[in-house]
Amino acid sequence: MPEKSSATDARSVQNPFRSLSSKQKVRDGIATGVFAFFTYFILACVVLILGKITYDGAPVIFQSEAPFVNTDFFSKSPMTLHEFYNEDGEMIRLDKDDFDAYKKANPDAVIRDEHTFSYAGGGILGPLVGTAMLVLFCMVAALFIGISAAIYLNEYAKKGRVVNAIRLAIMNLAGVPSIVFGLFGFAFFCFSPIFPVFTGNPDWEKSLLTIPLWPSDGYLSFQGWGNSVIAGAATLAVMVLPVIIAACEESLKAVPKGFREASLALGATKWQCIRTAVLPYATPGILTASILGITRVAGETAPIMFTAAVASKGKLPWQDTEGSGLYWVSNVLTQKVEALPYHIYTVSGKLPANEALDDMRYGSVFVFLLLVIGFAMISVVLRSRFRKKLKW
Amino acid sequence: MAKHFERKGRRLLGFNLQSWIKGFFGGNAGLSIVILFLICLFLVLEAVRFFPSHHQELKLSQKSGQEYVDYVIREADEYQNLVSFTNQAYFQELDARFGIERGVVDSFGVFQGMIEDDAGDEMDGLEEARDEEDPAALKEAEAAYQAAVARIVNEADRKMVDSFGRLAENDEAWRSVKEAASSYDAVEEEIPAFVEEAETKMTEGMASFEEAKALISSSGVPLKDLRSKLVKIAASIKDDAIADLTASARKEALLEGAEKVEGEAREAKLAEAGKIVIQDEFPFAERIKPIVAAHGDHVAAVATLREKIQEGIGRLPSEFSSEPAEKLVGKIRKLEPKFIEALDESIEESGQWKWDDEIDWVSSVTKFFFGKDWTTNSEWRQVYGFLPLFTGSIIISLIALCIAVPLSIGAAIYVNRLSTKWEQTFIKPAIEMIQAIPSIVLGFFGIMVLGNILLEYSSSPWISWLPGFPITERLNMLNAGMLLALMAVPTIFTLCEDALNNVPRSFSEASLALGASKLQTVNKVIVPAAISGILAAVLLGLGRVIGETMVVLLVAGNKISMPEWSAGLGVIAQPSHTMTGIIAQEMGEVSSGTLHYRALFLVGLVLFTISLTINVAAQKIIKRLGNHA
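Which chain is which? The protein sequence lines are C and G, in order. As numbered in numbering that gives the first Met the number 0, residues 0 to 391 make up the first sequence, in order. As numbered in numbering that gives the first Met the number 0, residues 0 to 628 make up the second sequence, in order.
Worth flagging that the hints you see were computed from the coordinates, not collected in a lab. A virtual CB, placed ideally from N, CA and C, is assigned to each residue, including glycine. Do not take every clue at face value.
[As the list claims (entries may be wrong)] Distance condition first, Cα-Cα at most 16 Å in a straight line; then the derived EDC-like pairs of lysine to aspartate or glutamate:
| no. | chain 1 | residue 1 | chain 2 | residue 2 |
| --- | --- | --- | --- | --- |
| 1 | C | K349 | G | E585 |
| 2 | G | K523 | C | D27 |
| 3 | G | K21 | C | E154 |
[Unchecked claim] Going by beta-carbon spacing under 10 Å, a handful of chain C positions derived as facing chain G:
| no. | residue |
| --- | --- |
| 4 | K24 |
| 5 | F36 |
| 6 | Y84 |
| 7 | I144 |
| 8 | A149 |
| 9 | I150 |
| 10 | I273 |
| 11 | T275 |
| 12 | A355 |
| 13 | R360 |
| 14 | M376 |
Could you put the whole structure together from the sequences, leaning on the hints where they help?
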């Protein structure tokens, strides 16, 4: 018995630098394996999703013959698809334009078993244009206000409780669900009668104030923007505003204090200091932030669902718009638009599963994904570039 | 000396250029703060105004008797459920036992219709010829009729005629049906013996089931009648009460309008205003009498229902040839005691119901937050109960977190501590890239691919033992939760990785120097030191998941009801609706200022509060626990 206890004693004062016991090694190996499996499992899921969408979507966009890209898909707006059998029993699928042309060209063609599928034909020109407009207007507004606000908060405002509280509030708002911003935009931009439109026939019931604009026979009517591009863009701008302010402030903060002090010591005014010693070095960060902002804005569906988007429109926003000059601009801006994410929602969520719709579905999702991921890639590349370039 | 630094710029309105620039930036900062403040203001203003309108709505539905009628409606709905199960079971059994016979009878019926439709002219000709008794003409007409029938019979596709495909395999029966149809004389309308035989066989074979079915479906007739009677009364009381409420406002508006116009128009408006009677108080007590009096009928109807349905269910056969029918009847038998119990409860509660109990404003709050029903598109009554949406959101988020938390914490530990340098450089940006995938794309994937995969593979034996499996609905909470997990992964991963990175190097060096293995170091030193960051990461992941809209709108199934808890963990395979989904789905159709509109804003406010709380909590955790690292 005493022998045994001395043996355990001896073990407990073993060489602390001994290699791991085999049991421990196995345990370590298993744990590492599990963690590695988790990591690669996540990546596998992503690859699966992107792969499936590419596999089904790419053939819609690319062709094996020149011009290698399905130009129709980018030059037409969504329209109804007609499916029918001709004399020889061949199945033909044509979008509405082509179908009308076909009927006109062969007036006595046999058309049997005709089926129509809404939104399945044509291309995605309208949604692309709509999304581009939304993103453009949104980013112009959000960057203008956001960068200025960040400059003020970081450069001008006195450091203290108030600024900290504001910063905290902004940070917290960045995490609010996008649908809540949509709700706000719906109540505020669409229906608050403080937003003016130029119009020939104002909505008297809604309008808070209507100013006749002599000598033209139009009015400046404060009736809210309704469901429109501009309301949607404004909603999106409000949504990214906290993100942009936070990111811009971050990049302004990253500029060393010495830069400012040096320029001020040389007699620069505050504005000169900001313009020459701060902004040039913060620009890369701001640029990255704005591209990330574009990614986020372009990918959002919820805030535009009831502020701007419409399932089908047929025409591009500037086609067939009435009025001239200011009225024309106002009319273009207060129209509903098609938007790519909303288009995807319509074709995949609102319509029943049908094989005829699959090309449209996978094609639009693929294009959308390419766009959004493309922007995200650009921002990642830019960031790493600038990081290498700017070092102090 | 100081003169060198003094600048005298141009001044505008007493300010120099620098102040203007500062003012410009300050103005923009102010604007953004005002906008962010307005968000809160709008949400709160619209949301809070929900409660008074809701109170009013509740009072109205109480005083108009809708509340009472709802008891009857609920009873009738549950009863209807049983009836439809019985019918389904009946037809399943019928198909299993007399599928061929049913196919024969149905197919012959379709042939009958086709002959009457397509050979109408020939039938008329035949009838005329028979009346005229001219043998030559008769022969000709008969030939024409038979040719027409033969054409129809030949052209008719077996699948088209037998829409259930019961004759698809059975050539003999199909040939007999064709023969029967060919020799069918549509003028005389004589059903061939072959078909009649099949029919008799069916009726005789199913006689006992048929009887039970008839008992069950007749048992609820008085209740259904009562229901339609009461619904009409209550709806009319409510309509009149609403008209009465707005009467004085309408009258005022008319009188005001009359002031502005002259002559006849004025007279007309005044006359119209005169027609509107303003009562001191709407005579609810008078109007509600028929509903209160109907309680006796109600009790009697339920008593009949109880007695007959118990007898009917007792008479249902206990041996079946079809498995689904057996299952359905088993389900009915299982539901029966619950149904009877619910009936008794409902009768008791409705007996205590009073139309003039005072409803306090607290109940307009509690009925919203604890109501289990959300019905907005019915003309009968709008009910706003928030609980099903909330539970839906919570269950989906929990599923997502259960999947995402181990995966992303594991991945963060692997990438931060265990992987090679080379792996780090590509895994980190790759996982961060997931954040860029728009949620609508993930929703799309869920609806087009994942749903089908789940549906198909959940019945395979190696995973079908899981709770809720095999899955019966393509769109459900599990599907949504899995996709949301993927959305939460980058958030949790990035923040976790940061937290692990922030653990001072000396911690791990000390641990390794003491002879601990890598895994021991991670488990005992690094993770405890970074726990605050990890907790915050999980919380922010929850915030991201709970506020996500498009995935749940597309994939969660959008069924507004409380999950059936009796399924245990299997609830995850049920469809549900969510807070974000309901706003996205219904906001487009409401007009501003209505009760429905405000209810949606209230849901939005709750979401807003939840996500703010989560954010603040995450920051607090980092602050409080993060100091020692």
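Hints breached by this structure = Violated hints (numbers, rising): 6, 11 and 12; every other hint is consistent with the structure.
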